[in-house]
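Chemist: Could you put the whole structure together from the sequences, leaning on the hints where they help?
Spelled out from the first residue to the last, the chains are:
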Amino acid sequence: MRRFILTRFLVMIPTLLGVALLVFLLLRVVPGDIVQLKYAGEGAFVPKETLDLERARLGLDKPLWRQFVDWMWGMVRFDFGLSMWTGRPIRTEIALRLQLSLQLAIMATVIASLLAIPLGTLAAVKQDTWVDHLVRIFSIAGLATPSFWLGILMILSLLILFGWIPPMTFTPVWVDPWANLSQLIWPALAVGYRYSAMATRMTRSAVLEVLREDYVRTARAKGLWEPLVIARHALRNALLPVTAVIGLEFAFLIGGLVVTEQVFNLNGIGMLFVEAISRRDYTMTQALVLLVGVTFIAVNFVLDLLYAILDPRVRHR
Amino acid sequence: MGTQTEKVVREYARRFPRGVLLMAALAFGFQAWTADTPQAATPETPQPGGELVFAVGAEPPSFDGHRETTFAMIHPVAPHYSLLLKFDADNYPKIVGDLAESWTVSRDGLTFTFKIRDGVKFHDGSLLTARDIKATYDKIVAPPAGVVSVRKASYAAVDRVEAPDARTVVFRLKWPEASMLANLASPWNFIYKADILAKDPRWYEKNILGTGPFKFVEYVSGSHWVGKRHEDYFVKGRPYLDGYRALFIRDTAARLAAVRGGRALVEFRGDSPAARDDLVRALGDKVVVQESTWICALTLVINAEKKPFDDPRVRRALTVAVDRWEASRVLSKIAFLKGVGGLLRPGSEYAMPEAELTKLAGFGKNIEASRTEARRLLREAGVPDGFKFTFKNRDVAMPYQPMGIYLIDQWRKVGLNVTQIVQETGPYTADLRAGNYETNQDFACDFMDEPDLQLFKYLSSDKSPANYGRYKDPTLDDLYLKQARATDPAERKKLVWAFERRVLDEMAYQWPTLWWQRIIPQWAKLKGWKITPSHYLNQDLRDVWLAKE
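If you read the sequences in order, they're chains G and E. The first sequence runs -9 to 307 under our numbering. The second sequence runs 4 to 552 under our numbering.
Think of the hints as simulated: they come from the structure by calculation, not from any bench. There may be inaccurate statements among the hints.
[Said to hold, decoys possible] Below 27 Å or equal to it, Euclidean Cα-Cα: the simulated DSSO-like pairs (lysine-lysine) are: (1) E/Lys475 with G/Lys38; (2) E/Lys466 with G/Lys38; (3) E/Lys155 with G/Lys38; (4) G/Lys38 with E/Lys177; (5) E/Lys485 with G/Lys38.
Modeler: In structure tokens, the structure reads:
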């Protein structure tokens, strides 16, 4: 097991280095630079000397290799540097938003899991009955409905029916749980529904597959109580691929909720990402890409470990 | 009731002829509007207290007014600062003192002497003196190495700033400049503390310390900005509010929802006609609308270095083919575009009156005759029917895209075949500056009606970094200098109009398509804020108050 963990861990290093190099180069290829955007946004007349001065201040006048080495050296020391747009530490900017994004991802995952696992199992057990059809319609509708669109519908409904919309600023859960919940429950529901649709279908097919296994037949033949057969023998084994789907989706939610965050005006990582890219804030974008990369790699790493724990065949392979 | 108010009420009466809305617009809207104007018959008594929450569509890159160019800095930050002079929102473009109690200008126009108010305190309790104003203007006019001052060119006439005693500031000029007083009322020129600037001239990029009506409380990046009442503010009894909170809401629909849902009472930059109508329909008498022409215009830039656009006949054909009057009628319903004008905001002091304007190429009212003229010009220049060219536009829906579509259609009617290339702001700006375009839709926004500012964009490209048309014209440069130094308004007007004729008619280098219309729907309980033609002005919130419900 120790060797398994070490191998997986070592694979992470070249992956991250590749991601870093790729994002660094891609950003420099895109036309338009941060200094022009900063000063030309509202048609202001800024002389070239001023633009050059600002470029030099941001280190953009240095050769590319030097900029990359400086950035990497900072990364090695866990120093993300300063945002080129705001001049504030990137670590602070990310930390500020990570709390919201993490909470939203957790809430959406909980909602999705609470919906998906029972519904998917029920649909599999009641295959081809009206229950199964209903669950399938519910999950297909979820897949077909973008979460941001559902979010817009929610906001419009709240506005029209109650003349109310969720709060626009984030309050940490320990400061005011009610304010926190009244802001985040809506996007969590919007995202969680779509997320649950995927997981429901995965649960259904996994349970169906497992229900045809010999060990389930054996359990039934022994006269085991059916709910116990489903819960202990079928569902437990079917959860392996479902865990993978939920885990990867969780990683995506950290930085991928761009439009939903925009609709609900959430100050999360997704919005920061979009702003950083549109402002050509190189340092911020690079840090965010690495963060998302690390999250995906870490989630994959944890999933690999989980697989190994849940399925002994994996660790002995 | 002011004519502008009448127009707004009449418009709503026309759009929503029945029901509650009309009554609301007439009764509540009228009352709310007139309360803020000198013409009000029964002015309401301001009520102290409360927190104003407003939406801002972007975030400030830094907090330093001297280096920034965006409303996203002005709206949350301006309430913390005072200016030397400012524009009187109720009587725009009248200039009044802010920190200056009074001032005199020498007969030769070379010396401006300001008497500073006594007992003005910074938010840290220290007293403001003339030294602080001198240090501030020294930073703006001649910034130290490594410090950015984006508007220093506007103060090229300033030779030096002196502070002979604690309450006197003297500006000595190298030459008389007509716009000097207005430039000293710039909303960007926050007055900073001399001691801080002496220690670190870049301190104000990330920190706040002023003498304005509100103290800084908190800025949460991506979320909000909070200010609270400055108890020692130099105007007794002001501000009325206990504080304010600016919510950063980037998405237009979310911003509109925030106002509609009451999470914010207003967005001070400006909304579209659709947003205005939506709010009026949803909130009825809870909302009032203020409108004004805006010192912002969309412009069509033509690359004079590219063939066949180096030929004035072709450029002239492009402008003659566009029916601006119809554009105003059609586009004002869907975008915040309205005014037909030359290089200066229609209706402003130096703007050409309509009778003069209609004599210029592209401003005539007989569009069929204009189109025939455009075809003739193209033929003479050897441009074949169906000639193809590209038009670069910004990927910002409001107001760029409606105008882009309109222009393409107008040119199609004279046999031109245009391909629109819509670009994100980054590449769009890069291409504009590098001359990588044939025609391009640009824009210009200023904080005041001032020929020095508005004409600057049209100078020779080696004189003006804002001229993307890539032409050089010594005649224009000469006219510009003459008007800038003309102290007689009538003489100056003549020179400004000569400049306009040269740019728009004789050479047709580049030209405004339509001027913007500023539309501010706000909750009726928000009082004491008056719209101005610039979204950079009147944002210190000093006179704003909230009516109790």
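Chemist: The structure should be examined with respect to each hint, and the outcome stated for every one.
Modeler: Hint check results:
Proximity of E/Lys475 to G/Lys38 is assessed by CA-CA distance (about 18 Å); at most 27 Å being required, the pair is judged to hold. For the hint linking E/Lys466 to G/Lys38, the alpha-carbon distance of about 12 Å falls within 27 Å, and the restraint holds. Simply put, E/Lys155 and G/Lys38 have alpha-carbon atoms about 13 Å apart, close enough for the 27 Å limit, and the pair holds. Of the supplied pair hints, the one linking G/Lys38 and E/Lys177 holds, its CA atoms being roughly 24 Å apart against a limit of 27 Å.
For the suggested pair E/Lys485 and G/Lys38, the alpha carbons sit about 25 Å apart, so the restraint of at most 27 Å is met.
This entry satisfies every hint, going by the numbered hints stated previously.
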